[in-house]
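Undergrad: Build out the structure end to end from the sequences listed, making use of the hints.
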Amino acid sequence: MNEDLLQPQCDFSPMKSAVKANLMELSEEIHRIVDALDHEEEEYCLLREITNMRETFAQIESLAASFYLECYLAPYTNKYLDLSNSVQNLSRKQHGALMVVRRETPLELWIQPGVPVGAELSGSLLESIFYPGSPLHDGAVVIEGSTIVSASNVLPLSNRQTEERKLGTRHRAALGLSERTDALIIVVSEETGRASFAFKGNLYPLNVAEVS
Numbered sequence: 051m052n053e054d055l056l057q058p059q060c061d062f063s064p065m066k067s068a069v070k071a072n073l074m075e076l077s078e079e080i081h082r083i084v085d086a087l088d089h090e091e092e093e094y095c096l097l098r099e100i101t102n103m104r105e106t107f108a109q110i111e112s113l114a115a116s117f118y119l120e121c122y123l124a125p126y127t128n129k130y131l132d133l134s135n136s137v138q139n140l141s142r143k144q145h146g147a148l149m150v151v152r153r154e155t156p157l158e159l160w161i162q163p164g165v166p167v168g169a170e171l172s173g174s175l176l177e178s179i180f181y182p183g184s185p186l187h188d189g190a191v192v193i194e195g196s197t198i199v200s201a202s203n204v205l206p207l208s209n210r211q212t213e214e215r216k217l218g219t220r221h222r223a224a225l226g227l228s229e230r231t232d233a234l235i236i237v238v239s240e241e242t243g244r245a246s247f248a249f250k251g252n253l254y255p256l257n258v259a260e261v262s
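Once you know that position 83 of the sequence shown is 133 in this note's numbering, the rest is easy, because the numbers rise by one and skip nothing.
Calculated directly from the structure, the hints in this document are not laboratory data. Note that CB positions come from ideal geometry on N, CA and C, so glycine has one too. Some hints here could point you the wrong way.
[To be verified] Quick list of the computed label-pair ranges, beta carbon to beta carbon:
(1) E79 <-> L159: 46 to 56 angstroms
(2) R210 <-> S174: 33 to 43 angstroms
(3) L131 <-> P182: 16 to 26 angstroms
(4) E75 <-> R142: 19 to 29 angstroms
(5) L97 <-> N72: 16 to 26 angstroms
(6) K250 <-> E105: 21 to 31 angstroms
(7) T242 <-> A124: 23 to 33 angstroms
(8) K70 <-> P166: 42 to 52 angstroms
(9) G168 <-> V84: 56 to 66 angstroms
(10) A108 <-> G168: 32 to 42 angstroms
(11) Q109 <-> R82: 11 to 21 angstroms
(12) P206 <-> L131: 28 to 38 angstroms
(13) V165 <-> T101: 25 to 35 angstroms
TA: This is the structure in structure tokens:
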């Protein structure tokens, strides 16, 4: 994780215990692979084992990211559970979404304002906004505290690309705003249903099963 993600005052014990257990399991798997190579087992598939290890590392990163997401959201919105539940539901349904949680930096200089909402944040309202075909589903929702301030906001796009894949517009928008402000931006991919969040110019995957 980026060192900037070490700032929140959170109880790290549960996350550390879970990550430690996963790493120990991974260590045992590595030793097993080494033993198999030494014994030159004919049916052994090294490529499959490496793929499995990559998936395990991704799960560990996702677990940690979910924990840090809660640390960063908790001081700025008391609607964290509503927000996280809506992320899970949107991810499961593969409904694309882009949510900006304002922290300290003013956002007015960096976004093209959309439609004022001014309603109390709720999971059902967020999901209705991002329902495919909804008049407000394109663009980003801006959240301040417990309020959905506006929807259909246009965010600045980042020019960066990740090594793994070409980023879509929502992810580039999330990164773009995170490069310019301290806002935390949550993204749900319409193509895959995968959730992630952008913070200070970095994009982190989320395991939606661990978000709440």
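Undergrad: Given the range 32 to 42 angstroms, decide if the beta-carbon distance of A108 to G168 lies inside it.
TA: holds (39 angstroms)
Undergrad: Evaluate the given range 23 to 33 angstroms for the C-beta pair formed by T242 and A124.
TA: Cβ of T242 to Cβ of A124: about 27 angstroms, so the range 23 to 33 angstroms holds.
Undergrad: Taking the Cβ atom of K70 and the Cβ atom of P166, is their distance within the range 42 to 52 angstroms?
TA: 47 angstroms Cβ-Cβ, so the 42 to 52 angstroms window holds.
Undergrad: Quick check on a hinted range of 25 to 35 angstroms for V165 and T101, using CB atoms only.
TA: At 45 angstroms between Cβs, range violated.
Undergrad: With 56 to 66 angstroms as the target window, see if G168 and V84 comply at their CB atoms.
TA: holds (60 angstroms)
Undergrad: Could you say whether the range 21 to 31 angstroms given as a hint is met by the Cβ separation of K250 and E105?
TA: About 27 angstroms separates the Cβ atoms of K250 and E105, which means 21 to 31 angstroms holds.
Undergrad: Against the range 16 to 26 angstroms, how does the distance between the Cβ atoms of L97 and N72 compare: consistent or not?
TA: Once the Cβ atoms are compared, 22 angstroms apart, the range 16 to 26 angstroms for N72 and L97 holds.
Undergrad: Can you tell me whether the CB distance of R210 to S174 sits inside 33 to 43 angstroms?
TA: Cβ of R210 to Cβ of S174: about 34 angstroms, so the range 33 to 43 angstroms holds.
Undergrad: Quick check on a hinted range of 11 to 21 angstroms for Q109 and R82, using CB atoms only.
TA: With a Cβ separation near 18 angstroms, Q109 and R82 satisfy 11 to 21 angstroms, so the hint holds.
Undergrad: Check the following: the C-beta atoms of E79 and L159 are separated by a distance inside 46 to 56 angstroms.
TA: holds (49 angstroms)
Undergrad: Is 19 to 29 angstroms respected by the C-beta to C-beta distance linking E75 and R142?
TA: Check passed, 27 angstroms falls within 19 to 29 angstroms.
Undergrad: Taking the Cβ atom of P206 and the Cβ atom of L131, is their distance within the range 28 to 38 angstroms?
TA: Distance hint for P206, L131 holds at roughly 30 angstroms.
Figure legend: structure checked against the earlier numbered hints; the only hint not met is number 13.
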